[in-house]
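Undergrad: Residue strings, one per chain:
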Amino acid sequence: MKLDFFRKIGFGLAPDENVPSDPIAWAVRQVETPAKLTWPGHIPSEQELLDHRAEFVYQDRRILREKFKNNRNAYDDAKTQLRYKTGERYFPSLETVIRHHAAVKGKAPVFERLWHFWCNHFAISEKDMLDRWNTGGYQRETIRPNLCGSFTDLVKKVTVSWTMIHHLDNTESVGPNSKWGKNRRKKGKPATVNENHARELLELHTVSPAAGYTQQDVINLAYIMAGWENRWSKKREECNPVQFNDKKHEPGTHKVMGKGYKQRGISSETKLFDVVEDLCAHPCTRRFISWKLVRHFVTDEPTDAMIAPLIKAWEETDGDLPSVYKALIKVVYEHTGSEQKFLNPETWLLQCIRISGTNWPPSPEVMAYDFKSKPSQPARQPSIIMRELGHNLLAPSQPNGWPDTEAEWLSPELLIRRLAASSKFANDPKYSVFVDYHKVAEKNFDALDDVNYFLHKAKNVDFYSNPKRMGQALFSSKWMLKV
Amino acid sequence: MTISRRHFISGIGSLTLLGSPLFNARAASMKKKNFVVIMLRGGMDGLTAIQPNDSKMAQVRPDILVKGVKKLTADFNIHPRLKAFYECWQEGKASVVHATSIPYTMRSHFDGQNLMQSGGHTPYTEKTGWLGRGIEVSALGGLAISLPMPLLLRGKNTLDNFFPTWMSLPNDGDLRVIESSYSKGSALAEVMNRVRSRPVSMMKRGGDNQAHELAVVAAQELRREDGPRVAVFDIGGFDTHAAQGGEDGAHGECLADFDKVLNALRNGLGNQFDQTLIVTLTEFGRKVEQNGGYGTEHGYGTAILMAGGLVKSSQIYADWPGLATKNLFERQDLNATIDARSVYCSAMSTCFDVDFKTMKDRAFFGDPLTDLSDRLFKI
Chain A
0 MKLDFFRKIG FGLAPDENVP SDPIAWAVRQ VETPAKLTWP GHIPSEQELL
50 DHRAEFVYQD RRILREKFKN NRNAYDDAKT QLRYKTGERY FPSLETVIRH
100 HAAVKGKAPV FERLWHFWCN HFAISEKDML DRWNTGGYQR ETIRPNLCGS
150 FTDLVKKVTV SWTMIHHLDN TESVGPNSKW GKNRRKKGKP ATVNENHARE
200 LLELHTVSPA AGYTQQDVIN LAYIMAGWEN RWSKKREECN PVQFNDKKHE
250 PGTHKVMGKG YKQRGISSET KLFDVVEDLC AHPCTRRFIS WKLVRHFVTD
300 EPTDAMIAPL IKAWEETDGD LPSVYKALIK VVYEHTGSEQ KFLNPETWLL
350 QCIRISGTNW PPSPEVMAYD FKSKPSQPAR QPSIIMRELG HNLLAPSQPN
400 GWPDTEAEWL SPELLIRRLA ASSKFANDPK YSVFVDYHKV AEKNFDALDD
450 VNYFLHKAKN VDFYSNPKRM GQALFSSKWM LKV
Chain B
0 MTISRRHFIS GIGSLTLLGS PLFNARAASM KKKNFVVIML RGGMDGLTAI
50 QPNDSKMAQV RPDILVKGVK KLTADFNIHP RLKAFYECWQ EGKASVVHAT
100 SIPYTMRSHF DGQNLMQSGG HTPYTEKTGW LGRGIEVSAL GGLAISLPMP
150 LLLRGKNTLD NFFPTWMSLP NDGDLRVIES SYSKGSALAE VMNRVRSRPV
200 SMMKRGGDNQ AHELAVVAAQ ELRREDGPRV AVFDIGGFDT HAAQGGEDGA
250 HGECLADFDK VLNALRNGLG NQFDQTLIVT LTEFGRKVEQ NGGYGTEHGY
300 GTAILMAGGL VKSSQIYADW PGLATKNLFE RQDLNATIDA RSVYCSAMST
350 CFDVDFKTMK DRAFFGDPLT DLSDRLFKI
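Protein chains in written order, with numbering that gives the first Met the number 0: chain A, 0 to 482; chain B, 0 to 378.
Chain A extracted, bound-state conformation (with noise of 0.2 angstroms):
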C-alpha cells in the first residue's frame, strides 16, 4: 500500500476517511462517470450567468453611457450599483466555492483532479469579463458532464461553446467569400478570418505543434470555423446562444494538414466536426494530451514509458477517456514513491483542507448575497486567497492556461504565500478545528516515521508545546508541497 497515492492522484484522505483497502479500484471507480457537485448552496446555471451578462452588458453599453454621457461620476457610481446587481464581484468567489467543496468534501477526489486538469486544458484566460459570468459556468456544464466520455466528443462540445467562442473571437470571424464577407467588401470594408480559435484548436486543444501544420492550415482551419458565432440581438447583444452562421461561413473545400473538407448535407455547419473528428484521431493528439496528463499528475519530465500505456489505451478505444484516465492511475501508482511533482497552489492548498479537515470552504450562509450591495469580505475570501496564492483560478492571463511545472511555481514570493497561508489556516480559528496531526499523518504519508518527528519537533518549538504549529508546519513541509 502507498498513501502518497491517494494525494498524488486526488486530495489525500480526510480524517473521517478510511484508507481504502483497493487504491486502484478505488480511484478508477470514480472516473467512470462524472461526480455531482456537492456544494449545498445555489448553483447558478451557464443560462442564468449568461442572462446576468447580458444584463450587464445591455445596461452598460446601451442605457448608461447613454443615460450619463455628460456625467462621468453618475455613470461610475451606476454602473457600480449595476456591477451589485448582477453579481460581478460575487460569481468569481461562489465558483471557487463550488469547486473547493467537492474536492475537500466530495467522494470523487480523482475526478475532481481531473476535471480541474481539463479545466486547464481548455483555459479561459482572463478578458472581457469571461471570469465573472462564464467561465465557472462553461467548466461545470460544457467540460464537467463530457470528462467520461470521448475526448472527440468532449472537445466538439468545447469549441463551439459560448465562452470559447468568445473567448477566440470566432464570432469575428468572416469568410471574405462569404455572403456576409462579399457585401462588407462591396462597400470598402474588410471581411477577413480571425484566427485565433482556428490557432488554438491546433496548437492547444488537439494536435500540439508537434503536429507540424503550417500558417495555411491554420487559416484554411479559420476558413471552415468561420460562420460560428455567439448571435447578436439588440436587446442582449453577443450574450445569445451560439449558432452557426452559413452568412459568414467561407463556401468551397478547404485542406487541413493535407486533407480536403467540403459540405455535407445541406448546411456547411458539420464541415467543422468533420475535422474535429480528424484532429483528435491524429496520433500527435493522444501523445499531447497523453502526456500532459502524465506530466500533471506525475512529473515534470515524463517518459516515453510512462506515457505509453496511455496512449495504448486510447488507439484502444479510440480516446475513451476513462480507459485513459485507467491507464494513468496505474502510472501513477507505480511511479508513486519514485517520482515527485510540486503542487500547484491549489491542489497543494485541497490536499492541506482535506487531510487536516480545515473549515473550508464557506458555508451557504456566509456566501449568500442580496444583489443589491458589495458582497461581504468573508463571501469574496475564496478568490481573494486564490488571488494571493498567485493561481486566480478562472483568469490564467493566456488561453495556455496556468503552467504546470516546479520551474513556473517555485519562486520565493509565492512560497512565501503558501507559508502565510499554511499559518492562517491552521491557526486562525475561523478554519481551524481540533485534528490529532499524527492520526492525519498515519493514513497520508508513506514516510510515516520522518513525518511524525518533524510534527513533533514543530510542536515544541520553544517552550510552549503547541498542537495547533503541527498543521501550519505540515502544510509548509516538503511532503505536502510535492508528492
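Everything labelled a hint here was simulated from the structure, so no lab data went into it. A few of these clues could be false.
[As the list claims (entries may be wrong)] Restricting the straight-line Cα-Cα distance to at most 35 angstroms, the calculated cross-link-like pairs of lysine-lysine (DSBU-like) are:
(1) LYS68/A / LYS82/B
(2) LYS188/A / LYS55/B
(3) LYS325/B / LYS188/A
(4) LYS66/B / LYS78/A
(5) LYS259/B / LYS246/A
(6) LYS66/A / LYS259/B
(7) LYS246/A / LYS325/B
(8) LYS155/A / LYS258/A
(9) LYS423/A / LYS458/A
(10) LYS183/B / LYS1/A
(11) LYS183/B / LYS442/A
(12) LYS188/A / LYS66/B
(13) LYS311/A / LYS126/B
(14) LYS66/A / LYS69/B
(15) LYS82/B / LYS66/A
(16) LYS259/B / LYS84/A
(17) LYS185/A / LYS259/B
(18) LYS55/B / LYS254/A
(19) LYS66/B / LYS186/A
(20) LYS70/B / LYS185/A
(21) LYS233/A / LYS78/A
(22) LYS458/A / LYS186/A
(23) LYS68/A / LYS183/B
(24) LYS458/A / LYS442/A
(25) LYS325/B / LYS258/A
(26) LYS126/B / LYS329/A
(27) LYS186/A / LYS70/B
(28) LYS259/B / LYS373/A
(29) LYS438/A / LYS35/A
(30) LYS82/B / LYS325/A
(31) LYS329/A / LYS442/A
(32) LYS325/B / LYS254/A
(33) LYS291/A / LYS183/B
(34) LYS456/A / LYS183/B
(35) LYS261/A / LYS325/B
(36) LYS1/A / LYS291/A
(37) LYS188/A / LYS259/B
(38) LYS185/A / LYS325/B
(39) LYS325/B / LYS68/A
(40) LYS438/A / LYS458/A
Remember, it's a predicted structure, so these values are computed and weren't measured experimentally.
Based on these hints, arrange chain B on the given structure of chain A.
TA: For chain B alone, kept in the frame of chain A given last:
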C-alpha cells in the same frame, strides 16, 4: 501575471525588481544606471503606437486608424494615449526603434513569448532568459520583485524575488522547523534560504498590488543608490483581434496602461530618471490590414518604445521597409529590418557597463547582432 485594465480591476499586477550593486565592487564604483523592461504581451501593434505617415494606412485600416495622433517626425506620428511618452519625447528622453522584432515569424503567442524572453531560436529549448544571463555577465546579483519569476530573468542561479502580500508569515522559529524538512541542496531549500535571508520589512505589506502602485514601489527602490537596478513589468491585453479601435479602443487602453507605468516611474525616479533606460518587449507585431472585427491579426514587425535619460535623443531609429505590399513580410506584415535583440543587447551593454561582444556572446549565444549602443544610447 499582467498589468492590464482587466488586472487593475482584479488588483493583481506584476513587477520584478532586481539587482543590488552593493554586492558588486565594479558596479559600485560607477554611477548607478537603471534598466527597466516592460513586456507588452499579446503582440503590440507598432503601427498603432507609432503610426507612419503613409496613405496606405487609411486604405487598409479604415475603421481603426487612430485619430488625434501627434506629430513626432515628418514620417511618424504617436498615439494620443501615450501622453507621458510624448512628454519624454519633447524633453529628448524618449525614442523609438521601428520595424523591428525578435526573429520569430510563426505567430504563436506562447512560442513567441517564450522566445522574446529566452532570446533563443527554438521555443522552449532555453531555460534561462536574456536578461537573467545579462545580469549574470555583469555579476549584479540581488533582489527581484514579482510573483512567478519570469523566464526573462531566469539565469543559471535562481534570483530572489519579492511581491508584497497582506498575509502573515510564520515566525522565525517555525520557519526554521519548516526548513528542516527541505532536503539539503533541493530547489525548495534554495528558495527558502532566500526567503529567510530577507529583512523583516520585506515579508509583508498591506494594500493592493495594482499596477500604478507597483510602479511607484519600483521607482522608490530604483532611485536608491544602493537599491536594485533592474525592474521588469508585465502588461497584457495587446492581443486585439477585435475592437482594437482607434484612440479609445482596446489597443489604446493597453498603451495607456503602459503610459501610466512609465509616468509613475518618471515621477518616482526624479533625477534618477536621467540614469534610467526603459524599453518595451513584445512577441510580434500585427498585420498591416485590419480584420472584420475592427481588430488585427498576429503579424511580425513592430516597434520598441524607449524612454529615460539614457536614450541618445528623441529619434525614430529605423531602416524603414515601407508598406507597399511587395515590401511586406509574407505580403501582409510590416517587415522587421532590425533584430530587436541587437537593441536589447546594446541596452544591457550600456546599462551594465559590459562590452557589447561579451554581452552578445554570453546573453545571446554569440548570434550576429549589431552594436547599436552609440546610435541609440548615451554612452
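Undergrad: Now tell me if each hint is right for this structure.
TA: Do the hints match the structure? See the list:
1. Taking the CA atoms of LYS68/A and LYS82/B, the gap is near 24 angstroms; set against the 35 angstroms cutoff, the hint holds.
2. Using a Cα cut-off of 35 angstroms, the hinted pair LYS188/A and LYS55/B holds, with the two alpha carbons roughly 14 angstroms apart.
3. A threshold of 35 angstroms between alpha carbons decides the hint, and for LYS325/B with LYS188/A the separation of about 22 angstroms falls inside it, so the pair holds.
4. About 28 angstroms separates the Cα atoms of LYS66/B and LYS78/A, which keeps this hinted pair within 35 angstroms; it holds.
5. This hinted pair does not check out: LYS259/B and LYS246/A have alpha carbons roughly 43 angstroms apart, beyond 35 angstroms.
6. For the hint linking LYS66/A to LYS259/B, the alpha-carbon distance of about 29 angstroms falls within 35 angstroms, and the restraint holds.
7. Our distance criterion of 35 angstroms between C-alpha atoms is met by LYS246/A and LYS325/B, whose separation comes to about 32 angstroms.
8. For the suggested pair LYS155/A and LYS258/A, the alpha carbons sit about 19 angstroms apart, so the restraint of at most 35 angstroms is met.
9. A C-alpha spacing of about 17 angstroms is found between LYS423/A and LYS458/A, which places the hinted pair at or below 35 angstroms, so the restraint holds.
10. A C-alpha spacing of about 25 angstroms is found between LYS183/B and LYS1/A, which places the hinted pair at or below 35 angstroms, so the restraint holds.
11. For the suggested pair LYS183/B and LYS442/A, the alpha carbons sit about 26 angstroms apart, so the restraint of at most 35 angstroms is met.
12. Of the pairs offered as hints, the one joining LYS188/A and LYS66/B holds, with about 18 angstroms between alpha carbons and a cut-off of 35 angstroms not exceeded.
13. The straight-line distance between the Cα atoms of LYS311/A and LYS126/B is roughly 31 angstroms, inside the 35 angstroms bound, and the hint therefore holds.
14. Between LYS66/A and LYS69/B the CA atoms are separated by roughly 32 angstroms; this keeps the pair inside 35 angstroms, and the hint holds.
15. For the proposed pair LYS82/B and LYS66/A, the alpha carbon gap of about 29 angstroms is at most 35 angstroms, so the pair holds.
16. Under the criterion of a C-alpha separation no larger than 35 angstroms, the hint pairing LYS259/B with LYS84/A is consistent with the structure, at around 31 angstroms.
17. The straight-line distance between the Cα atoms of LYS185/A and LYS259/B is roughly 41 angstroms, outside the 35 angstroms bound, and the hint therefore fails.
18. At most 35 angstroms may separate the alpha-carbon atoms for a hinted pair to count; LYS55/B and LYS254/A meet this at roughly 32 angstroms.
19. For the given pair, LYS66/B sits about 22 angstroms from LYS186/A by alpha-carbon distance, which is consistent with the 35 angstroms threshold.
20. The hinted pair formed by LYS70/B and LYS185/A meets the criterion: a straight-line CA distance of about 33 angstroms does not exceed 35 angstroms.
21. Distance restraint check for LYS233/A and LYS78/A: the Cα-Cα separation of roughly 20 angstroms lies within the 35 angstroms cut-off, and the hinted pair is therefore satisfied.
22. Of the pairs offered as hints, the one joining LYS458/A and LYS186/A is violated, with about 77 angstroms between alpha carbons and a cut-off of 35 angstroms exceeded.
23. Distance check on the hinted pair: LYS68/A and LYS183/B sit about 63 angstroms apart at the alpha-carbon level, beyond 35 angstroms; violated.
24. Only pairs whose Cα atoms come within 35 angstroms are accepted, and LYS458/A paired with LYS442/A is accepted, the gap being roughly 20 angstroms.
25. Taken as a hint, the LYS325/B and LYS258/A pair is honoured in the structure, with Cα atoms around 31 angstroms apart against an allowance of 35 angstroms.
26. Only pairs whose Cα atoms come within 35 angstroms are accepted, and LYS126/B paired with LYS329/A is accepted, the gap being roughly 31 angstroms.
27. A distance of roughly 31 angstroms separates the Cα atoms of LYS186/A and LYS70/B; the hinted pair therefore holds under the 35 angstroms criterion.
28. For a cut-off of 35 angstroms, the pair hint linking LYS259/B to LYS373/A stands: about 28 angstroms separates their Cα positions.
29. In summary, the hint linking LYS438/A to LYS35/A is supported, as the alpha carbons are separated by about 29 angstroms, within the 35 angstroms threshold.
30. Among the hinted pairs, LYS82/B with LYS325/A is inconsistent with the structure: their alpha-carbon atoms are about 58 angstroms apart, more than 35 angstroms.
31. Taking the CA atoms of LYS329/A and LYS442/A, the gap is near 20 angstroms; set against the 35 angstroms cutoff, the hint holds.
32. For the proposed pair LYS325/B and LYS254/A, the alpha carbon gap of about 26 angstroms is at most 35 angstroms, so the pair holds.
33. Between LYS291/A and LYS183/B the alpha-carbon distance is near 30 angstroms, which keeps this suggested pair within the 35 angstroms criterion.
34. The straight-line distance between the Cα atoms of LYS456/A and LYS183/B is roughly 18 angstroms, inside the 35 angstroms bound, and the hint therefore holds.
35. Of the supplied pair hints, the one linking LYS261/A and LYS325/B holds, its CA atoms being roughly 33 angstroms apart against a limit of 35 angstroms.
36. Restraint check for LYS1/A and LYS291/A: the C-alpha separation of about 23 angstroms stays at or below 35 angstroms, so the hint holds.
37. As the CA atoms of LYS188/A and LYS259/B are separated by approximately 34 angstroms, the hinted pair is consistent with the 35 angstroms bound.
38. Note on LYS185/A and LYS325/B: the hinted pairing holds, with a Cα-Cα distance of about 24 angstroms set against a maximum of 35 angstroms.
39. Our distance criterion of 35 angstroms between C-alpha atoms is broken by LYS325/B and LYS68/A, whose separation comes to about 45 angstroms.
40. In summary, the hint linking LYS438/A to LYS458/A is supported, as the alpha carbons are separated by about 15 angstroms, within the 35 angstroms threshold.
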